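Per the numbering used here, the very first residue in the sequence shown carries number 1; after that it's consecutive.
Where hints are given, some of them may not hold.
[What the hints assert, rightly or not] What follows is a set of in silico ranges between Cβ atoms, one per label pair, in the way DEER data are often shown:
(1) ASP51 to LYS28: 29 to 37 Å
(2) LEU61 to ILE26: 42 to 50 Å
(3) ALA24 to ARG54: 36 to 44 Å
FYI, nobody ran anything at the bench for these hints, they're computed from the structure. Because the structure is a prediction, the values reported are computed rather than measured. Heads up, the beta-carbon is just placed ideally off N, CA and C, and yes, glycines get one too.
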Amino acid sequence: MKSESFDLTIEQMFEFRRMQDATADISKEQALELLVQASRLLMIKSNVIRDLMRQAPLEPLG
1 MKSESFDLTI EQMFEFRRMQ DATADISKEQ ALELLVQASR LLMIKSNVIR DLMRQAPLEP
61 LG
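My request is simple: use the sequences and hints to build the entire structure.
Have a look at this one:
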């Protein structure tokens, strides 16, 4: 895997900064709830990717 795969795009950097600004003044409880929600969404994303990979037909390269 290329090291660039671990870098954020310009759009992602903008969204990351926007989220930082939006969450700067929230309470600890709100921050924990957002963290739990984000963790759940990442788990769902992993499940979707895994399921799509299982459904994808494997074709030989070349």
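Structure-based check of all given hints:
no. : hint                       : result
1   : ASP51 to LYS28: 29 to 37 Å : holds (35 Å)
2   : LEU61 to ILE26: 42 to 50 Å : holds (48 Å)
3   : ALA24 to ARG54: 36 to 44 Å : holds (40 Å)
Hint compliance for this structure: every hint is met.
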